[in-house]
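**Q** Given only the sequences and the hints, what does the whole structure look like? Please build it.
Listed below are the residues making up each chain.
Number of protein chains: 2
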Amino acid sequence: MSADSTSTTIWDPSLAEACRALAAQLRVDSIRVTSRAGSGHATSSLSAADLMAVLLVNHFRYDWQRPKLAANDHLVFSKGHASPLLYAIFRAAGVVDEAELLDTYRQFGGRLQGHPTPALPWVDVATGSLGQGLPDAVGIALAGKFLDRLPYQAWVLCGDSELAEGSMWEALDKAAYYRLGNLTAIVDVNRLGQNGPTELGWNLDQYAERVRAFGAQPLPIDGHDLDAINNALATARATRDQPSVILARTIKGKGVPEVEDKNGWHGKALPDDIAEPAIKALGGPTQIRVTTHAPASGAPAITPNPSAAVKLPSYTVGDAVATRTAFGEAVSALAARPEVVMLDGEVGNSTKAGEFSKAAPDRFFEMFISEQQMVAAAAGLSVRGYVAFAASFAAFLVSRGYDFIRMAGVSEVSIRLVGTHAGVEIGQDGPSQMALEDLAAMRAIHTSTVLYPADAPSTARLIQTMADTPGICYLRATRGDYPVLYEAGEEFPLGGSKVHGATGDDAVTLIGAGVTVHECLASAAQLAGEGIAARVIDLYSIKPIDQDTLLAACRATGGRIITVEDHYPEGGLGSAVADALTQAQVPELKLVRLAVRGLPTSGAPEELLDAAGISARHISEAARSLVRG
Amino acid sequence: MSADSTSTTIWDPSLAEACRALAAQLRVDSIRVTSRAGSGHATSSLSAADLMAVLLVNHFRYDWQRPKLAANDHLVFSKGHASPLLYAIFRAAGVVDEAELLDTYRQFGGRLQGHPTPALPWVDVATGSLGQGLPDAVGIALAGKFLDRLPYQAWVLCGDSELAEGSMWEALDKAAYYRLGNLTAIVDVNRLGQNGPTELGWNLDQYAERVRAFGAQPLPIDGHDLDAINNALATARATRDQPSVILARTIKGKGVPEVEDKNGWHGKALPDDIAEPAIKALGGPTQIRVTTHAPASGAPAITPNPSAAVKLPSYTVGDAVATRTAFGEAVSALAARPEVVMLDGEVGNSTKAGEFSKAAPDRFFEMFISEQQMVAAAAGLSVRGYVAFAASFAAFLVSRGYDFIRMAGVSEVSIRLVGTHAGVEIGQDGPSQMALEDLAAMRAIHTSTVLYPADAPSTARLIQTMADTPGICYLRATRGDYPVLYEAGEEFPLGGSKVHGATGDDAVTLIGAGVTVHECLASAAQLAGEGIAARVIDLYSIKPIDQDTLLAACRATGGRIITVEDHYPEGGLGSAVADALTQAQVPELKLVRLAVRGLPTSGAPEELLDAAGISARHISEAARSLVRG
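These protein sequences, in sequence, are chains U and R.
Take 1 as the starting number for the first sequence in full-length UniProt numbering and just add one per residue.
Take 1 as the starting number for the second sequence in full-length UniProt numbering and just add one per residue.
Hints are not guaranteed to be accurate.
[Stated by the list, open to error] DSBU-like cross-link-like pairs, simulated, lysine-lysine; straight-line CA separation at most 35 Å: (1) LYS145(U) / LYS311(U); (2) LYS268(U) / LYS262(R); (3) LYS358(U) / LYS68(U); (4) LYS590(R) / LYS590(U); (5) LYS358(R) / LYS262(U); (6) LYS268(U) / LYS280(U); (7) LYS543(U) / LYS68(U); (8) LYS262(U) / LYS145(R); (9) LYS268(R) / LYS358(U); (10) LYS543(R) / LYS543(U); (11) LYS145(U) / LYS262(R); (12) LYS543(U) / LYS590(R); (13) LYS543(U) / LYS311(U); (14) LYS68(U) / LYS262(U); (15) LYS145(R) / LYS280(R); (16) LYS543(R) / LYS590(U); (17) LYS311(R) / LYS268(U); (18) LYS311(U) / LYS262(U); (19) LYS268(R) / LYS311(U); (20) LYS358(U) / LYS262(R).
[What the hints assert, rightly or not] Computed list of chain R residues with no C-beta within reach of chain U, every gap over 10 Å: (21) SER14; (22) ALA70; (23) GLN107; (24) TRP122; (25) GLY215; (26) GLU258; (27) GLY284; (28) PRO306; (29) GLU366; (30) GLU530; (31) THR549; (32) ALA556; (33) GLY613; (34) SER625.
[As the list claims (entries may be wrong)] Pair by pair, the computed Cβ-Cβ distance ranges are: (35) GLY480(U) / ASP222(R): 38 to 44 Å; (36) PRO306(R) / ALA525(U): 51 to 57 Å; (37) ALA604(U) / TRP64(R): 29 to 35 Å; (38) GLY283(R) / GLY480(U): 36 to 42 Å; (39) GLU530(U) / TRP64(R): 49 to 55 Å; (40) GLU276(U) / VAL317(R): 39 to 45 Å.
Hints in this document: simulated from the structure, not taken from any laboratory.
Backbone N, C-alpha and C define an ideal beta-carbon position, used for all residues, glycine too.
**A** Set out below in structure tokens:
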């Protein structure tokens with residue numbers, strides 16, 4: 001325990017009594033709401049009721065009428081299945097009334113869903129996929145300490161089962177690295193998972209050893225001892241240079257003797273013959289209205305300025321520039337906006353995200369090789385209104401971070417992801433480093449935008465656009481240097497595309513994105529020499545997609561379309577085009593899809609593009625066959 | 001250090017000299033191979049050369065001519081970028097010759113790729129996505145200890161940077177839980193990552209504290225002290241009840257003074273003016289051929305019996321049975337085959353994977369809530385020839401495990417994944433629990449098979465088929481109970497489908513899978529009452545897909561096709577159908593795709609299916625509009 005960690009809270013018998021009464025109400029409501037709904041996690045709520053009652057009465061600083069207030073504390077239920085307890089808290093705070101609580105929980109049309117989502121204004125992030133709330137809160141705490149510079153605390157109620165998720169340790173590691181004293185994990189160690197006992201049971205010593213080893217302050221307590229809870233919460237708040245983890249030994253189902261510490265009651269509503277006497281024994285329904293402490297006064301140290309002048313880098317047509325370089329330069333230019341933040345997965349020299357650290361070192365966060373935590377931190381920063389970019393190799397960012405990206409979608413936060421080194425084009429490093437499924441994965445994410453520009457100016461402009469685009473924005477960048485195609489000042493709207501070389505009598509349309517645009521252009525030049533007119537579409541915006549241009553091209557070229565992608569055939573660019581074209585009736589559609597099939601190997605990029613059948617040579621062959629065959 | 005952990009190895013001066021000489025050769029080769037290729041990770045190989053030399057000379061038990069020998073030790077390069085060192089080992093072992101080493105590394109057409117893959121017979125799993133080799137090796141060690149019951153050791157060379165990945169801690173946690181003394185992580189703590197210093201640098205104490213807290217035995221050493229390395233390796237092998245983690249303080253670039261412990265040399269070949277004198281100073285190229293110890297004798301305790309009689313569960317048409325229930329019953333029936341293993345993500349009571357634990361408790365492994373480790377363990381078990389199934393909720397299994405699934409594809413191992421509780425059909429638990437992108441994600445995986453059966457018999461039969469299907473097999477199962485559609489004995493080949501109610505004059509084809517098959521059938525019944533003949537296709541095999549049947553139906557029903565899926569519209573069933581149909585010319589295609597759009601909420605399954613526009617009512621509306629409009 002560090003020197004500054006003495007409790008500073010006032011704790012007298014009346015306060016203890018208030019906590020006791022509130023805990024009883026939270027328990028009664030947790031039982032009532034689940035029994036009424038016929039489903040939900042009653043016992044997982046009961047174990048944490050004392051923890052939350054003391055937090056609410058004596059430590060949580062929050063203006064319930066102004067949930068977006070910058071100085072508010074944050075409360076994240078990483079164990080999202082304890083939603084009955086969270087909603088009971090909302091009733092106690094006076095923001096959800098009894099009718100809503102009892103009549104709408106888990107019901108269609110209601111906002112009190114099975115697991116919390118930001119459909120409720122007091123919920124920052126959706127939880128329910130375990131191991132994510134704490135990593136999300138790391139992002140909130142980073143914002144609080146380094147950007148807002150406000151004394152709010154991020155309190156995170158965690159389950160003990162979810163400590164088996166590696167992401168929880170990524171979170172503690174990063175929280176300790178950044179000395180996030182404003183982050184407190186409250187672990188409800190009720191020793192029972194969904195299916196049976198947890199790995200460590202009530203072995204608080206071993207949990208404490210792990211927590212300490214990861215650089216956080218462990219605070220083991222009896223999670224039903226109000227005094228101990230109060231001291232631990234006070235100590236956690238008072239410790240400013242280190243995150244704290246309250247390890248609360250609790251009893252699952254606490255307050256209902258029939259189910260206390262019994263396996264087999266996870267995720268179940270209590271039947272009436274247990275629920276009714278339990279509610280009675282707990283004192284019956286009450287109408288306690290808790291008044292939480294007011295948040296500290298103060299405004300964030302950073303005021304967003306979306307209209308700050310941003311001078312994008314400029315490029316000369318024909319120069320060879322990697323799109324990852326353009327990303328690095330563009331995001332550095334965006335650093336002129338004080339709300340823009342960059343997160344790096346310890347590959348900033350490759351992705352070029354590292355450039356940002358020169359432009360705005362105070363808003364550059366090294367997350368080391370923990371893509372899950374990196375994505376979660378971006379989500380947490382979004383909660384506080386920051387425009388967070390996160391970058392790594394596309395394969396690792398999207399696939400390692402996928403559940404966190406999915407949940408960021410469910411949270412409807414706004415994050416900007418840049419995946420570099422995608423596809424076989426990366427060359428010698430081989431298939432483990434080649435994202436070949438990222439476009440498919442990202443297209444299927446709720447609120448996603450998927451971009452894959454072919455040159456530096458389009459990349460720079462799209463990076464700027466991403467800063468102002470809500471939802472999950474993903475841009476795929478290429479490793480190698482390719483010619484600049486577009487003049488400065490060209491616009492690249494979302495859902496747009498660029499048509500190259502269209503004439504009135506084109507015989508075929510070649511559609512690429514990123515590196516394959518250059519292959520398509522080379523093929524079109526070859527074909528022109530053979531008397532075959534081909535137009536090329538640079539489909540830089542894969543989602544949303546430019547359906548009108550695709551349909552027009554399809555009709556103009558007799559339905560002859562060739563898609564070319566450095567990606568597996570399922571769900572990527574070719575699928576996006578097929579999806580768009582089959583939404584209209586295109587009687588004459590003759591679609592040929594060139595994509596990577598099978599497992600690539602190492603090699604030079606041009607060898608691999610050719611071996612995958614997506615080089616200019618293959619495009620031309622396919623075009624000849626379509627046109628002449 | 002536990003009591004049984006005394007070194008038992010013989011170590012005399014000649015052995016030390018052999019190690020020194022081999023280490024020099026490994027260094028020279030690591031430099032030569034990268035300098036010749038012009039890329040690759042020289043300095044990351046140099047730091048670990050002493051560790052590997054001592055392992056090879058005195059501890060590794062392996063028959064290089066019989067890499068599939070059951071009793072062989074295993075060597076996994078979790079830091080796959082140290083491939084130059086690995087390939088130098090292969091040369092020292094006499095299985096790769098100098099010409100191949102020098103001429104083919106990272107070259108197109110060669111098998112010595114930038115990061116190792118099982119294209120080389122001595123490589124178990126592809127690595128290069130950090131944080132995966134150790135989790136994979138947990139699977140190998142589980143096989144060794146509990147299934148094969150052979151004394152082989154799994155040695156894993158890890159980087160220090162990758163200890164920032166939560167998956168590494170999932171791996172240690174599970175290794176300790178299962179007391180995998182046959183697993184040794186050798187961490188090359190060279191303190192420099194790709195971009196700069198690691199989080200913990202050379203703080204071996206803090207690493208040791210973490211390792212100990214996670215239940216493993218830390219063995220901190222100087223990674224260039226041959227004697228210390230030898231003792232640590234001997235201690236690790238002698239410790240049978242606990243995994244060991246050798247924490248080797250090393251110098252990145254060791255042996256080349258110009259780059260030793262210097263930032264900026266990660267992933268770079270040394271230029272000739274550094275490489276040539278360094279090679280000379282190290283003694284120049286040598287032709288040392290190392291003879292490793294022979295593996296222990298003995299055969300695995302389990303002999304696979306793929307033709308063992310398996311009595312699948314039987315069901316009565318019309319009975320309501322959840323497909324997850326059929327999965328649990330079928331996989332339990334498969335337990336009759338001694339090579340079948342079940343991994344559970346602590347939700348076995350929900351997924352019904354828990355049923356297997358009754359049929360074959362010795363082959364049921366509880367992985368708790370660590371989906372990444374669970375998928376990796378399946379891959380490791382596959383290395384040892386076991387038929388491993390892993391199950392969790394679809395949302396968590398696929399999205400949390402996605403990078404591990406991707407890499408299992410690159411490894412070309414065979415794993416069987418079952419994701420239950422998919423889509424809005426799960427109902428009250430809300431969107432965090434609803435897989436709505438899993439089909440898209442899984443279709444894009446190399447070697448994947450994607451199945452989504454609608455009833456119990458088809459599920460049971462497909463689970464059986466999965467056991468004998470190579471690659472990454474994924475089956476999506478449904479939470480709720482739905483009527484049995486098929487008679488016992490019906491076959492469900494991969495790439496097949498089932499057509500319901502086809503007549504000569506069908507006006508429209510309705511295509512569903514899983515829960516939406518039932519909605520399609522209900523709609524067809526409604527439509528029949530209105531005089532609209534509709535055929536229904538149960539597209540239980542989404543990849544591979546039954547293109548012939550789809551095309552035939554399309555032509556038979558005037559191109560009028562409606563796809564219905566409990567999934568987002570991108571990359572799922574509708575995309576798979578569009579992909580298949582647009583590969584042929586179907587001039588009259590009129591495709592309507594019903595899918596989940598936007599963010600679902602909680603509610604009753606039938607409410608949510610309807611709200612998403614994928615219920616029978618919506619299908620009928622779409623069909624009427626297609627047929628009459």
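**Q** Would you mind marking each hint as holding or not holding in the structure?
**A** Outcome of the hint check:
no.: 1; hint: LYS145(U) / LYS311(U); in the structure: 29 Å, holds
no.: 2; hint: LYS268(U) / LYS262(R); in the structure: 57 Å, violated
no.: 3; hint: LYS358(U) / LYS68(U); in the structure: 31 Å, holds
no.: 4; hint: LYS590(R) / LYS590(U); in the structure: 15 Å, holds
no.: 5; hint: LYS358(R) / LYS262(U); in the structure: 21 Å, holds
no.: 6; hint: LYS268(U) / LYS280(U); in the structure: 20 Å, holds
no.: 7; hint: LYS543(U) / LYS68(U); in the structure: 31 Å, holds
no.: 8; hint: LYS262(U) / LYS145(R); in the structure: 32 Å, holds
no.: 9; hint: LYS268(R) / LYS358(U); in the structure: 23 Å, holds
no.: 10; hint: LYS543(R) / LYS543(U); in the structure: 23 Å, holds
no.: 11; hint: LYS145(U) / LYS262(R); in the structure: 32 Å, holds
no.: 12; hint: LYS543(U) / LYS590(R); in the structure: 22 Å, holds
no.: 13; hint: LYS543(U) / LYS311(U); in the structure: 26 Å, holds
no.: 14; hint: LYS68(U) / LYS262(U); in the structure: 40 Å, violated
no.: 15; hint: LYS145(R) / LYS280(R); in the structure: 45 Å, violated
no.: 16; hint: LYS543(R) / LYS590(U); in the structure: 22 Å, holds
no.: 17; hint: LYS311(R) / LYS268(U); in the structure: 33 Å, holds
no.: 18; hint: LYS311(U) / LYS262(U); in the structure: 63 Å, violated
no.: 19; hint: LYS268(R) / LYS311(U); in the structure: 33 Å, holds
no.: 20; hint: LYS358(U) / LYS262(R); in the structure: 21 Å, holds
no.: 21; hint: SER14; in the structure: 38 Å, holds
no.: 22; hint: ALA70; in the structure: 26 Å, holds
no.: 23; hint: GLN107; in the structure: 7 Å, violated
no.: 24; hint: TRP122; in the structure: 17 Å, holds
no.: 25; hint: GLY215; in the structure: 8 Å, violated
no.: 26; hint: GLU258; in the structure: 20 Å, holds
no.: 27; hint: GLY284; in the structure: 26 Å, holds
no.: 28; hint: PRO306; in the structure: 25 Å, holds
no.: 29; hint: GLU366; in the structure: 8 Å, violated
no.: 30; hint: GLU530; in the structure: 24 Å, holds
no.: 31; hint: THR549; in the structure: 18 Å, holds
no.: 32; hint: ALA556; in the structure: 18 Å, holds
no.: 33; hint: GLY613; in the structure: 14 Å, holds
no.: 34; hint: SER625; in the structure: 14 Å, holds
no.: 35; hint: GLY480(U) / ASP222(R): 38 to 44 Å; in the structure: 41 Å, holds
no.: 36; hint: PRO306(R) / ALA525(U): 51 to 57 Å; in the structure: 55 Å, holds
no.: 37; hint: ALA604(U) / TRP64(R): 29 to 35 Å; in the structure: 31 Å, holds
no.: 38; hint: GLY283(R) / GLY480(U): 36 to 42 Å; in the structure: 38 Å, holds
no.: 39; hint: GLU530(U) / TRP64(R): 49 to 55 Å; in the structure: 53 Å, holds
no.: 40; hint: GLU276(U) / VAL317(R): 39 to 45 Å; in the structure: 42 Å, holds
In this structure, the hints that do not hold are numbers 2, 14, 15, 18, 23, 25 and 29, in rising order.
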